[in-house]
Amino acid sequence: MSCSPFDLRDYFFGELPEQDRRQVDLHTKGCAACREELNSLRSTQAILLSAPDEEIPQRIGFVSDRVYEPSRLRRWWRTFWGSAPRLGFASAAMLSVAIIVAAMYQPTPVTPVTVDVAGLQADFLRQMNQAVEKAVAESDARHERRTAELLAAATRRFDSERRADMAAVSQSFAILEKFAKREYRAANFPESSR
Amino acid sequence: MIFRAVEDADLIPKAQRGDVEAFNLLISRWEKRVFNYLLRILQNRDDALDLSQDVFLKAYQNLRKLEDPGRFAAWLFRIAHNEAYSLFRKRRPEGEPPQGEERSGQSVTVGGAGVFPIELSIAVSSALGRLTSEQRETVVLKVYQGFKFEEIAEILSCPISTVKSRMYTALDLLKADLSPLKTRGVS
Numbered sequence: 001m002s003c004s005p006f007d008l009r010d011y012f013f014g015e016l017p018e019q020d021r022r023q024v025d026l027h028t029k030g031c032a033a034c035r036e037e038l039n040s041l042r043s044t045q046a047i048l049l050s051a052p053d054e055e056i057p058q059r060i061g062f063v064s065d066r067v068y069e070p071s072r073l074r075r076w077w078r079t080f081w082g083s084a085p086r087l088g089f090a091s092a093a094m095l096s097v098a099i100i101v102a103a104m105y106q107p108t109p110v111t112p113v114t115v116d117v118a119g120l121q122a123d124f125l126r127q128m129n130q131a132v133e134k135a136v137a138e139s140d141a142r143h144e145r146r147t148a149e150l151l152a153a154a155t156r157r158f159d160s161e162r163r164a165d166m167a168a169v170s171q172s173f174a175i176l177e178k179f180a181k182r183e184y185r186a187a188n189f190p191e192s193s194r
Numbered sequence: 001m002i003f004r005a006v007e008d009a010d011l012i013p014k015a016q017r018g019d020v021e022a023f024n025l026l027i028s029r030w031e032k033r034v035f036n037y038l039l040r041i042l043q044n045r046d047d048a049l050d051l052s053q054d055v056f057l058k059a060y061q062n063l064r065k066l067e068d069p070g071r072f073a074a075w076l077f078r079i080a081h082n083e084a085y086s087l088f089r090k091r092r093p094e095g096e097p098p099q100g101e102e103r104s105g106q107s108v109t110v111g112g113a114g115v116f117p118i119e120l121s122i123a124v125s126s127a128l129g130r131l132t133s134e135q136r137e138t139v140v141l142k143v144y145q146g147f148k149f150e151e152i153a154e155i156l157s158c159p160i161s162t163v164k165s166r167m168y169t170a171l172d173l174l175k176a177d178l179s180p181l182k183t184r185g186v187s
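So the protein sequences, as listed, match chains A and B. Heads up: the first sequence is residues 1 to 194, going by the working numbering. Heads up: the second sequence is residues 1 to 187, going by the working numbering.
Do not take every clue at face value.
Said to hold, decoys possible - In silico DSSO-like pairs for lysine-lysine, Cα to Cα no more than 30 angstroms straight-line:
1) A/K29 x B/K164
2) B/K32 x B/K58
3) B/K175 x B/K65
4) B/K14 x A/K29
5) B/K32 x A/K29
6) B/K90 x B/K58
7) B/K175 x B/K148
8) B/K148 x B/K14
9) B/K58 x B/K14
Simulated from the structure, these hints should not be mistaken for laboratory data.
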């Protein structure tokens with residue numbers, strides 16, 4: 001069994017963190033058993049590696065084959081999206097378009113309006129009073145015109161009736177005068193009245 | 001003009017977009033490692049070559065699903081592992097996991113006083129062949145392919161503790177098997 005602070009095999013295969021490696025380095029400087037164990041690992045690995053890799057007897061290679069190749073559209077699409085600069089350019093272009101569109105269609109900001117309620121009420125009352133006064137004045141004028149028309153009509157009718165009465169009175173007076181004259185002549189001048 | 005080595009990180013995005021030449025370059029960087037990984041766990045050259053081709057075909061078909069190019073190596077060896085175990089299952093329809101040869105309790109013997117490279121290869125191959133398939137695959141991924149335990153756990157779909165357990169058990173067995181070679185000064 002090894003007395004190393006960490007597994008010598010992990011150390012040998014380079015699987016220890018640097019700090020642990022340093023501890024094993026220090027330990028093996030003063031520990032003959034661990035040095036021997038490490039030498040044994042090295043020689044075993046050396047023997048294993050003494051059987052060299054063989055050359056491959058036949059090189060492997062592919063020729064372009066449509067069966068395995070993606071379509072022209074897919075190749076273009078992959079090429080486009082596989083390129084970092086192009087992808088970056090496309091992203092920047094899309095972002096620019098989005099900013100321009102947002103700027104064009106952004107509604108103008110609405111500035112807040114302070115409403116003078118008292119002023120509006122006063123104005124409303126003033127306008128309403130004016131409207132009422134105007135309506136009253138128009139109504140009065142209409143009534144006055146109607147009264148004047150009625151008065152004029154009544155006056156005309158009265159004058160007409162008065163003239164008719166006067167004519168009737170005059171006619172009655174004329175008849176009465178004629179009758180009185182005849183009676184007077186009959187009384188004073190009987191021979192002439194026959 | 002600046003010359004810079006072409007890296008997987010350059011090739012993977014191109015291959016993902018359907019660039020066959022980029023994928024062929026990627027293959028040229030990995031085919032030897034994948035072939036040797038399969039050769040060591042299958043211990044059959046023809047199977048290793050056939051499966052290597054299948055591995056890269058599946059990799060090409062599924063490369064677009066790989067989200068992190070930094071995980072390409074583990075992802076590729078995961079495919080290779082699946083292909084190898086698929087072959088094991090075909091060969092063993094009863095579903096038993098492939099096991100190493102029965103351990104005889106004897107070390108690998110290498111004849112003569114001197115040790116020749118071919119003898120070394122045979123001894124190593126024989127020692128690896130005596131491990132269980134899980135142990136052998138873990139040793140291959142760690143010693144020959146240089147993966148971290150975390151990556152091996154990802155490739156084999158098992159916990160890191162299991163990977164370490166397999167690795168260290170295998171290491172003890174290999175040390176015992178290969179000790180005669182050490183005494184003859186091979187290391």
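*Against the earlier hints, flag every one the structure doesn't satisfy and list their numbers going up.*
When the structure is compared with the hints, numbers 3, 4, 5 turn out to be violated.
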